[in-house]
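Model the placement of chain B on the given structure of chain A, informed by the hints.
Number of protein chains: 2
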Amino acid sequence: MEIRTYLEEKRTVIDEALDRYLPSEGEYPPQIYRAMRYSIFAGGKRLRPILVIAGAEAVGDRKENVLPVACAIELIHTYSLIHDDLPSMDNDDYRRGKASSHKVFGEALAILTGDALLTEAFQLLSNKKNFIDPDPHQLIEIIHEIALSTGHAGMIGGQVVDIDSEGKEVEISTLEYIHTHKTGTMITVSVRTGAKLGGGSSEEIELLTKYGEKIGLAFQVIDDILDAQEGRENREEKGGGDLKKRKITYPAFLGMKRSRKKAAELIGEATSFLKSFGQRAEPLREIARYIKEQEQ
Amino acid sequence: MEIRTYLEEKRTVIDEALDRYLPSEGEYPPQIYRAMRYSIFAGGKRLRPILVIAGAEAVGDRKENVLPVACAIELIHTYSLIHDDLPSMDNDDYRRGKASSHKVFGEALAILTGDALLTEAFQLLSNKKNFIDPDPHQLIEIIHEIALSTGHAGMIGGQVVDIDSEGKEVEISTLEYIHTHKTGTMITVSVRTGAKLGGGSSEEIELLTKYGEKIGLAFQVIDDILDAQEGRENREEKGGGDLKKRKITYPAFLGMKRSRKKAAELIGEATSFLKSFGQRAEPLREIARYIKEQEQ
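Here the protein sequences line up with chains A and B, keeping their order.
Per our numbering, the first sequence runs over residues 259 to 554.
Per our numbering, the second sequence runs over residues 259 to 554.
Wrong hints could be hidden among the right ones.
Identical copies carry no separate label here, and so any pair may be met within one copy or between two of them.
[Claimed, not checked] Derived lysine-lysine pairs resembling DSS-like cross-links, with alpha carbons at most 30 Å apart:
hint, residue 1, residue 2
1, K268, K468
2, K387, K468
3, K321, K387
4, K268, K515
5, K361, K426
No lab work stands behind these hints, which were simulated from the structure alone.
Isolated chain A (complex conformation) (with noise of 0.2 Å):
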C-alpha cells in the first residue's frame, strides 16, 4: 500500500469532519471560533486522528463512529499545542511555520481558545447527533478512558514534569515519564479507542495498546533526534524547540547512534504487536514505517 496516499485521503475525511463539527464564523461571539479554527486549520498532520481510524480497520469493518472519537483527540491534541506555546509556557511563537494562537489573538483568547477546544472535545463525544446507533456504555467508557488519558494523570501531567523539569539535571526516568505521558498517552488511547469502536476483542485491544505504546514513544524519540540534527536555531525557527529551554532530549542522554537504535527497536516492537491482525493492520504497519522514515 502507498502510506502517503492512505495519509492524504485520511486527513482529508478528517478535516472536512472538523470543519462539520466545529462552529462556523457566523456564530457570536467571533473571535473564539476565528482562533478555533485558525489553530485546528493549522496544517496539522492528524497523526492521532488517522490512528483511530486505522485502529478500527484493524480489527474489523465498524467504522460509522469512528470520526467524531477521532476529531475530540484532535481538538485535544490542538489545545495542548495552544497552551504549551503559551509565553508562560514555552513561550514558541510559531507552530509548524505558522504564528501561535497568543501571537495572532492574544495571550487570554488564546488560553480560552485552548478551554474552548478541550470543553468542545466533549462535546463532540456526547453529542449523540454525531453517532449511529451508538452503545452508551461504550461511549461512556471512551469518554472516560480519554479524559484519564489526557487529564493530571496522562498528558497534563507529563507537560507538568517538562516545564518543571526546565534547566535541571534529570534523570533518564524522568525525560521518558514526560515522553510517555505528554505524547505517549494520547496515541495510545487513539489506538485504544478505534479498536473499541471497531469492535475489538479485549486481546485485541491489547496488543493494540502495545503498539501504542511504541509508537508513541518511538515518535518522541525520532522528534528528539530531528532536533538533534536540524540543529537548535533551525527548529526554533520553524517552532519545533523542545531543546530551546530544555536539554533532556534521547541524543542528550544516549548520544545520537544509540537514539536511532532505541527508534529502530521501538518501531520492531510495535510491528511486533501486530502480526496476528494480517493484512487489515497494513495501515498501522505503515504509520510505524512512516514514523521510523522521518529521522533519515
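Just chain B, lined up with the frame of chain A:
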C-alpha cells in the same frame, strides 16, 4: 427551614465528596495535585453543586447519583476562576482573600491546573464507579449539557466577550450576554442536571430551568451592586474587582436603585416558577432569598 444550616450541611457533604474524588497528594507529579486541591479547597460557597442537590430534591428522592455531577460542576467552576484570575485575563492576585493560583504556583502551573480540573470534571462524569446503576443515556445527556453550557457558546463565550469589552463603551445587551453566559449558564445547568438526576418530568425540568436563569442573572446583578457598594479598592483587595478593568455593571447602566429593583424582580420571578413544587422546593426558594439577602 434554616437556610444557613441547610447550606452548611450540603457544603460539608460536597467537600467530603470532592476530597474523595480528587487525586491525593501522594501521587505523581505532586505539584499538580497540590495546586488542584489548593483552589478547590479555597473557601468556595459551593452554590452550584448545592443547586444540583436542591434541584434533585425539588423533584423527588432520587439523590444517589447527584454528588459526582455536583462535584464535576464545582471543578469546572474552579478551573474557570483560576484561568479568569491569570495576569493576561483579569489579573487578580487574590481570590476569596487567598492568593490566587498563579501567585502561589506560577502562571504555567496555574494554566495546567485549570486544564486538569476541567478534564477531571469529565473524568468524574464518565467514571461508572461514581454512580449507582446509572442510566447511560441520561449520563451522556448530562455530560453533553455540561459541555455545551461551559464551552464556547456558554461560559467561555461570556468570558471572551467580557475580556473583549474591557475599557470599551458597550450596550446593556452586551452586559446581559456576558452575565447570562459567564455565570448564568453554569447556574442553570446545575439546577437542570439536578432535576434530571432526580427523575423530574420535562415540565418540571422546564420550570427549574427558568428558575435557574432568573437566579443566575439576579446573582450577577447583586454581585455588581456589591462591587459598587463596597467600593472599588476595598473589593480589589479581597479579590473581587470586576470593576478593576471593566466599567460595565448594572449599577453603571441603571443606577443603584433600579439595579436593586431588578434584582428583587428577578428573585420574585425565580420563585414564581417553583409554585407547583410545594414543600420540596423550599431549599430552592430559600437559596433565591439568600442570594437576594447578600446585598442588604
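Comparing the hints with the structure gives:
In the homo-oligomer, the alpha carbons of K268 and K468 lie at most 30 Å apart inside one protomer (23 Å), although the nearest pairing across protomers, at 45 Å, exceeds that limit. With identical chains, the CA atoms of K387 and K468 are at most 30 Å apart between copies only, with a shortest distance of 26 Å across copies and 32 Å within one. Taking identical chains as interchangeable, the C-alpha atoms of K321 and K387 lie at most 30 Å apart whether they share a chain (16 Å) or sit on different chains (29 Å). For the identical chains of this complex, K268 and K515 are neighbours neither inside a copy (34 Å) nor across copies (61 Å), given an alpha-carbon limit of 30 Å.
For the homomeric pair K361 and K426, the shortest alpha-carbon distances inside one copy (28 Å) and between copies (22 Å) are both at most 30 Å.
Checked against the numbered hints given earlier, this structure breaks only hint 4.
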